[in-house]
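Q: Could you slot chains C and L onto chain W? The hints should help.
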Amino acid sequence: MDKGLELRDVRIEKDGSALIALDARIGSGEVLTVMGPSGVGKSTLLSFITGTLAPGFSASGRVILDGLDITDLPAHRRRVGILFQDDLLFPHLSVGQNLAFGLRAGGNRDARQAKIESALAEVGLEGFAGRDPATLSGGQKARVSLMRMLLSEPCVLLLDEAFSRLDAVLRDQVREMVFARARARALPILMVTHDAEDARAAGGQVVTLGPTSG
Amino acid sequence: MVRGKGLLRLVPALTVLAMLGPVAAGLLGALGPALGHLPAAGLSAPPLTPLTAVLSTPGIDRSIRLSVTTGLAATALALGTVTLLLAGWTGSRAFGLLQRALSPLLAVPHAAAAFGLAFLIAPSGWLARIVSPWATGWQVPPDILILHDPWGASLVAGLVTKEVPFLLLMSLAALRQVDAARSRAVALSLGYGPVMGWIIGVFPRLYAQIRMPVYVVLTYAMSVVDMALVLGPTTPPPLSVQIVTWMSAPALEMRMQAAAGALLQLALVLATLALWWLGERVVARLGRRWVTAGRRAPAVEPLRWLGLAAASIVAMTVLAGIAVMMLWSVAYVWRFPAALPGALSGAVWIRQGPVLSSTLAETMWIASASTAMALVLVLGCLEAEQRYRLRLSGRGLWLLYLPLVIPQTAFLPGLQALLIDAGIGAGQIPVILAHLVFVLPYVFLSLGDPYRAWDARLGTIAATLGAGPNRVLWRVRLPMLLGPVLTAAAVGLAVSVGQYLPTLLIGGGRVMTLTTEALALSSGGDRRVIAAFGLMQTLAALLPFALAIGVPAVVWRHRKGLAHG
Amino acid sequence: MKRFALILALLAPGLAMADTAPSDWPAVEAAARGQTVYWDAWGGSTATNDFIAWVGQRVQEDYGVNLIHVKLTDTADAVTRVLAEKQAGQTSGGAVDLIWINGANFAAMKEAGLLYGPFAEQLPNWKLVDVAGKTVQTDFTVPVEGYESPWAMAQVVFIHDTAREPDRLGSMGTILDWAKAHPGRFTYPQPPDFLGTTFLKQALIDLLPDPSVLQQPATDANYDAVTAPLWAWLDELTPNLWRQGRAYPATGPAALQLMNDGEIDLAISFSPGEASTAIANGQLPDTVRTFVLDKGTIGNASFVAIPFDSSAKEGAMVVANFLMSPEAQARAQDPAVLGYGTVLDVAALPAANKVRFDALDLGIATLTPDQLGKVQPEPHPSWMTRIAADWARRYGVAN
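Protein sequences, first through last, are from chains W, C and L. In terms of this note's numbering, the first sequence opens at residue 1 and continues consecutively. In terms of this note's numbering, the second sequence opens at residue 1 and continues consecutively. In terms of this note's numbering, the third sequence opens at residue 1 and continues consecutively.
So here's chain W without its partners, still in its complex pose:
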């Protein structure tokens, strides 16, 4: 089986005018960075992959994940993980409940609880399960958000300007952690950013989208 994410001749149009054209393959543990100024449609590309394209956009081409064509699957069946620039923790759930929400179904209560505890331990947040997400620091939130996504066992990781809200020191830390966790799970990563530093740190191939690129 072909592991990895393949974007086969993807074209996205907005109200009839072409926005993005991309043909790419990201293997296990590889990173593809998509760069370009804001408004160019980078996030639109990601919403096409997650299956949440907004009205007004139309797209053609296929999205193949681990050899499976997921283009027509509903969003919740695609096994695509995404991180936004905001942590987007569910404010009405505790840290533990946020993680439980991500955790794939199955297993008894104790087993699930243990998975959540070990996920928290993995990012140095032991004992945080009962906390209100609003009481966490920015870095802590980013770590919970990452672990929540990983607990859902995605097959690909999408990063939508995921580090742009963090200050410089924290940004390096979090970025390193995300890439490390993704590589440990051999996940392909598609990163959208306008920050050259992100691209450099990722070290993979870089595609630059621009207003002229079609």
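These aren't lab readings, by the way, just hints derived from the structure by calculation. Each hint should be verified, as a subset may be incorrect.
[Unchecked claim] Derived pair list, reagent style DSSO-like, types lysine-lysine, alpha-carbon separation capped at 30 Å:
id	chain 1	residue 1	chain 2	residue 2
1	L	K134	L	K110
2	W	K115	C	K560
3	C	K560	W	K141
4	L	K354	L	K134
5	L	K180	L	K374
6	L	K354	L	K374
A: Frame of chain W; chains C and L shown alone:
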């Protein structure tokens, strides 16, 4: 799953049917009888007979004129008050206080506000009692025509007290979409005073947003029945009251007259709306000329005090009205000119207790049922809009406002006739459906914005975590929107509790809510009992709002991220 | 089954189908048990509302009848409802089971075949009714013929406050003189409220040298001439009324509230005991008294009738019968409760029941039967209809 999906797709159509079906059926149902065609009653008359009968009613010209003048006056005064208040005081401490005082008053039912006002301003009312005889020398009340005055001034006053909070809240919601603060700052820097700057810089865009609510106010003010019964003229009454009188006349021919009157009312409201619309054009043109001339008009600035005074009077009137109802409900003997009851007694509450509680139960049951139905339909619509891009309220919001700009007196007579002809007896179910017509738009208007404003990326996150649309809805979206959902429910309950005409006409007298009960009692004049019912009515409408604020605060007390919502 | 019922209905119009005949009273009581009776009655007076609630409690206890008071602002609402049901072809399951009614509404319903009956004279308590002394077999000159059963006697009285003016006034002429001398201190409920129209009828009867013409239907030929004195009198009175006649209280109790507020000094009532009842519950000062006119005042009976399409006729008859019982009649006459006159021949009652009435303190403001004097009969309903319409034209559109 597929079945569920199909159902959800049907919800927008179902909502339109629930909201507009009864209105359309009622208007069509009025058409036949209005043209002298009432086969169910074996009656037929030349097509113009009912209208001729309407127009030859003694004083009908004055009834018609009253509808127009009270409607226009109440709308203009309420809008003017809100405009001057916003222009002169936005952001000030006084404004914050007034906003907090006026917001809950929106929930006070019209009838209760009318009772409170009547108890205050009658020549033997509380205000006169407070200043008599020491300041006025009045040992007996002066023979001044204040309530039921032939010009409808008391009725206009009552309407203004209810419509100012409504327009203020609609304006505040709309202002979030208008960059008011900066527009005013620009105007100030150009040498305009704060009031003039606001009127020139902000008002035109605000008005574009609240135009429909203003039309709702105008329609309501022109066709109100419950307030008109308590405060309005009786020699002759406004057209709406006249129509209800015809509807309850024993002779069936009067049905045709009522139907013709209903269509006349509709035409009148539409014509007045058109007149108002023309007025908008004229004001807009004058405004542009004014702006082009660049006049700064510092003389306008002091008007802000007028706005503050009017809004304060509105707030104090309703609050004092509630206070005087409390006093009356426990008064045993309270004669003019005593400022306070001479003897107190809980007798009214004890004697009326069983009736009050059973009526409260029926009121809340009807309100809960119609609100629950409205919530399901509205959430269904918003969810369908979100999932399938089926937008019910696409272009403008006119569809939602339609049932609110058709006067109740125009379509309820026809609807009642249809229900009777169809052999559907009076009862709670038809009343609940009739309430739904009015509850639905308000619930939709209340919930639509927060629902759409919810960060869709949370939905994307939840979906990528493997949650299907229903799990996203139940586990993420609705819990996060608990506050707005409960507020919308409170709005729905308050709207239902306040309904008079639909309950009276569609319920056929068998369905008794606090509002119909209070109005029935008002003809009898035992002020102590009216006060008790008015208070219960107010409580029934206000309590849900308190719960809507309190419940999320308790449920999410450990969730700071939701504290603002 | 439905078709059969329909044929029966066509064959026997006005005759109740599948109902228990009132003559077989034990069967009526048996059928009534468990029935729900919707009684449409004017709901504007808390005293009557409380009394009806008490009746409901008692018939539940004794007969298992569930009585629900549908509070009306106008009796005509119920008439309309029944009429509409008839027009829609409905023959059972009507919304109304019992109506508090008299006068024009009764005449209209009886004429249109909207009433069940006759039943009233077969009710067990009918034999206690004072048929000879009280007008219970005609209603506004219309023969009752058992289509409604009486439960209260009413007579016009005027209420005044002895602590203030006026003293007793003996005629409509002196009332006018007093009103002119004290403008703004008198008013009457706005017609077509029944008390308002009663006031107009009372005025006409008092002003006419010979009111017997009113016992015949009004005709185009005599109406104008007969009513001319009334309009002349009202033209003089109206500018001297409360609010110069530009507004009127909606009902009798609303006028009493005005009196309590000190806004007026003279009010009309159709219940000799109403003033005492109002004093008893704090609605009027205890200096209030009542008087009647020298030539007497209008009296009539309040009835209950059963619509043709009621599905609880037995229950309704049980309620009607209970209303005529000495227990209910004595309670209704108690000024602390209602202060309504009884329809029973109290003198002829067995001692055990007579004592209920003898024990009653009729209240300080209630006139004795002797003081109430001559009872004048109600005019034919056609007079009231015309007068009310004319009033609306002349005074219902104040300037």
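Q: Failing hints, ascending?
A: none
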